[in-house]
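Could you put together the complete structure from these sequences and hints?
So you can see what is in the structure, the chains are spelled out below.
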Amino acid sequence: MNASGRVFRYGDNIDTDVIIPARYLNTSDHKELASHCMEDIDKDFVKNVKPGDIIVGGRNFGCGSSREHAPIAIKASGISCVIASTFARIFYRNSINIGLPILECDEASREIKDGDSVSVDFSSGTIVDETTGKTYKAEPFPPFMQSLIQAGGLAEYIKENY
Amino acid sequence: MTMTEKILAAAAGEKEVHPGQLIMADLDLVLGNDITSPVAIKEFHKFGKEHVFDKSKIALVPDHFTPNKDIKAAEQCLCVRKFAKSESIKNYFEVGEVGIEHALLPEKGLVTAGDVVIGADSHTCTYGALGTFSTGVGSTDMAAGMAIGKAWFKVPSAIRFNLVGKMGPRVSGKDVILHIIGKIGVDGALYKAMEFTGPGIMNLTMDDRFTISNMAIEAGAKCGIFPVDERTLAYLKESGAKEPKIFEADPDAEYEKTIDIDLADIPPTVAYPHLPENTHPASEGKDIAIDQVVIGSCTNGRISDLRAAAEILAGKHVHEGVRCIIIPATQKIWKEAMHEGLFDIFIDAGCVVSTPTCGPCLGGYMGILAKGERCISTTNRNFVGRMGHTESEVYLASPYTAAASAVTGRITDPEDFV
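As given, the protein sequences belong to chains A and B, one line each in that order. Residue 1 is where the first sequence starts when you use my numbering, and the numbers rise one by one after that. Residue 1 is where the second sequence starts when you use my numbering, and the numbers rise one by one after that.
Calculated directly from the structure, the hints in this document are not laboratory data. Where is the CB? At the ideal position from N, CA and C, for every residue including glycine. Any given hint could turn out to be false.
Here are the simulated lysine to any residue pairs, SDA-like style, with alpha carbons at most 25 Å apart [unchecked claim]:
| id | chain 1 | residue 1 | chain 2 | residue 2 |
| --- | --- | --- | --- | --- |
| 1 | B | Lys69 | A | Tyr157 |
| 2 | A | Lys31 | B | Glu75 |
| 3 | A | Lys43 | B | Gly372 |
| 4 | B | Lys46 | A | Gln146 |
| 5 | B | Lys69 | A | Ser4 |
| 6 | B | Lys55 | A | Glu156 |
| 7 | B | Lys72 | A | Lys159 |
| 8 | A | Lys159 | B | Asp54 |
| 9 | B | Lys49 | A | Asn161 |
| 10 | B | Lys42 | B | His18 |
| 11 | B | Lys154 | A | Tyr157 |
| 12 | A | Lys159 | B | Tyr255 |
Just a sample of chain A residues kept apart from chain B, beta carbon distances all over 10 Å, derived [said to hold, decoys possible]:
| id | residue |
| --- | --- |
| 13 | Asp40 |
| 14 | Arg67 |
| 15 | Asn94 |
| 16 | Asn97 |
| 17 | Thr126 |
Covered, in the sense of this in silico footprint (three residues per stretch, anywhere, with C-beta under 8 Å from a C-beta of chain A), are these stretches of chain B [said to hold, decoys possible]:
| id | region |
| --- | --- |
| 18 | 63-72 |
| 19 | 139-149 |
Put into structure tokens, the structure is as follows:
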């Protein structure tokens, strides 16, 4: 599985309230959630995002509330992958559970710039910044999480195993 | 093993577990609210299970946008209500009985020491105060928990907080946890357990402990857990909780580090916008004028919080132009406050008292901020746009500090005030 796209870069501690503000949590409709994604921090995100694009965050990406609406909004907006130095723990599990690819890589998180073209190879964890030509290596997922991802998320995994 | 490791080992049927190990643990309770449950219910129906694993081990608490704030919220609540009915969920709480989930479940005796609890709400870590392993998850995890009664966990490493001494007057659990988050940062305990130990614990009331455990997530932690002592046991007995399962950390348990906290050194503390780690002594806030005060939430809507606010507000009036909204967290707390005469104090002081709801804490309703407005709040997050407009500001504080600030119209150290 691979991804490639243009980078939307944000800073440290991007919280779930800016990813999808609570005023829109009276719905769980994926398209509607996507239409407000990142609205409180980047009004142009929804206008500019194209299928396959990539979000690069800093430390503690997705901190705050447990709302699964946050990774859902990101995934439904067309984002193919989120790269960050670290993820907040609930966002991390939610992303794996719903099948939004995420990668932890501190160096890539610090160096990749807004608007760069980036490609990602999930099986090897390789991230290539096509704009600068630099290659990064993300931490691979433990085998259990890889099996979750391969199953297509937690629901499929449970169906197969329980 | 640490206390967290011991609880998780028992729930996974393992003799021993180690940090980093992935386990499947049996769950004692699975919780959801009106925001997260509809997503979980949709997901649950995909699992091919006819019914939930145990209808007595699920709690559905529509507390965020209730009483229904708009048509969409009403429809989400209807979805939860229908599911509760069709699955005969015992612990579904309708408006009239419902309260803020993390105040309600302990009060109803639904969690006990040694339990493993997941909740599709990040502040599920609150029950760590009772010696419970409890943690926030998303809706898919909740759905899986409802289907099979299990959840996957990566066993966390732990940071030990060695609490000594006694808090000063009008300093509370809120100041302690804000102080700790200010010290270690909003990712200072990322993926880890926060284990509170030390002789200072006996000086903390159960309400102080609930507030401290509640905000463990604001340091990124998986859980924030206290050992079980006489106070815990008395609380569990009063609430009618199941027999506690008491786990203690081994004397040689391995911690990533130990941080010493002298409770006597902690001043009334305020977290400035837009991160809970941005802490300052309340006494530095004299020049910061406020428009609104919120006293309530799963962090600080308990009876001792209302008593603290009343102690400050008795015989006083909120500052001209300041709106002070007080939200008891549950119906029981509401009644207690009413019988104690606290509502007379609040209303005479010019405050408004609301029905239990999460409402303004997450910018839902019942106190939304306009552009440029500033609120001092006993809630738990002060992110951009959390309580309303993206150019509004939230300052996090204790009920003492919030009430004192309501009277002066500026951020005020409650000690300077009395």
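Query raised in the report: What hints, given by number in increasing order, does this structure fail?
Result: 1, 5, 7, 10, 12, 13, 14, 15, 16
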